[in-house]
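*Asks:* Residues per chain are reported as follows:
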Amino acid sequence: MIIEDIVSDTFVAHEHLAPDGAVVLDDIRRELTTRRRRRVSRSLAALGASCAVAALAVAADVNRDVRHLPAVAHDGASTGGAVSPTSPSPSPTSSAIRSHRGLYLTVGPGWLPGSRPREVVTDRLNGAQLRGYDTYVNGVELYILVGLRDQAALSTHNKRGEPMDLRIGGRPAREWSVDRFYYLEVKPSSARVASVDIEVMSDGDAGRTGTAVGLSELGRQVARQLEFNRHDPLLPGSGSTVSPGGTDSRSS
Amino acid sequence: VDEGYERFAERELDALLRYAVMLTGDRELARDLVQDVMIKAYGQWRRVAAADHPRLYVRTMITRAYLSWRRRWSVRHVFVSFDDHLDGNPIADHAAAIVDRDDVWRRLSGLPKQQRAVLVLRYYEHLTDDEIAVVLGCSAGTVRGYASRALAALRVEFTAELTRPGESS
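Those protein sequences? They're chains G and U, same order as listed. Each residue of the first sequence is one higher than the last, beginning at 8 in the working numbering. Each residue of the second sequence is one higher than the last, beginning at 824 in the working numbering.
A portion of the hints provided could be inaccurate.
Distance ranges between label pairs, derived from CB positions [as the list claims (entries may be wrong)]:
| hint | chain 1 | residue 1 | chain 2 | residue 2 | range |
| --- | --- | --- | --- | --- | --- |
| 1 | G | Lys166 | U | Val957 | 31 to 41 Å |
| 2 | G | Glu38 | U | Asp925 | 31 to 41 Å |
| 3 | G | Ser162 | U | Arg830 | 38 to 48 Å |
A partial selection of chain G residues facing chain U, derived with a Cβ cut-off under 10 Å [what the hints assert, rightly or not]:
| hint | residue |
| --- | --- |
| 4 | Ser15 |
| 5 | Gly28 |
| 6 | Ala29 |
| 7 | Tyr143 |
In case anyone wonders, no lab produced these hints; they're calculated from the structure. For every residue, glycine included, the Cβ atom is placed at its ideal position computed from N, Cα and C.
Given only the sequences and the hints, what does the whole structure look like? Please build it.
*Replies:* Structure follows, in structure tokens:
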């Protein structure tokens, strides 16, 4: 037997060492899911940090205002003077957020691109809300994150390039776009900022693909149809197929 | 996960794992290698799916990942150089006397990675030298060089085994 035949036979004789493909495929699926959730966690952490900064700023403002008011006991009763301070009434929506903190989401997409977008995560952190969707547009997988947080002004910086100001549904907005990433902020009210964050997931040929699917147009359209009075249960780690806004999602 | 990717994985994963085992000689390394590459392939799936032969495309990714996969590999393997043996006289092919495949398997693990990859592609995947050259990103002449050195090294081992005092028949 010549050496080449021995080598060939040796390879075939050791095929049984190969791991079970089904088991490895399960591991791969888990890893892909983990990576996606990790990315959402990072986004949430970033949102949480923004909220924390905003909360500190608000607290500083409140403290400054309180110094000019009559002393107030912790139970809210005035301890002196005839004037009782009244805090501004929160909007119905923000009231709903507080009373259902951790249980409901008020923001949601009224429209998402692709034929069957799938909600893969919902979460809240420090009052910030986030909903993540997987969808396919022209065969390209997109990951779309819709968020809402307490923030007085649109962000000024983002690692995704230079900002561009625009108006979405008559509201001030700002967007950033680079390669396969797109990020847009819009102000639905004076105290809150909503965001639409899109990333091309399924192809490493970033610039060409991002341009090919028209991320800017998709992002603006999602932002135009955001809904802010939803009352959707928070489903951490959910993975059900959804029709945003209770209507059939339209294909782009 | 993309449906096309799922179908591809379900159809091809076993074969890719077998191929990876031939390259690495180790079940766990093969699993890690294929898993890493398949996750990378998912990120580039549009490009992979557009290839004429997605399986060949991914096999090439596995091969190149294996060749550049130094850290974990080096932890578990110590390479043995056979080059010193190649300066001796031409040795006749006495391999017929040794058919213990486990022994051959062990000796294959001592080959440099490029040489082993060439042997796997040539004698397991049955590719031509030109096809192997495409996978490795080198010339067909380089492929032939790797192959001849690998086979010569194995022959030297066999011969040394046969001529060891008290062991030859």
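*Asks:* All hints are to be evaluated individually against the structure, with a verdict given for each.
*Replies:* Hint by hint, here is what the structure shows:
no. : hint                             : verdict
1   : G:Lys166 to U:Val957: 31 to 41 Å : holds, 38 Å
2   : G:Glu38 to U:Asp925: 31 to 41 Å  : holds, 33 Å
3   : G:Ser162 to U:Arg830: 38 to 48 Å : holds, 41 Å
4   : Ser15                            : holds, 4 Å
5   : Gly28                            : holds, 4 Å
6   : Ala29                            : holds, 8 Å
7   : Tyr143                           : holds, 8 Å
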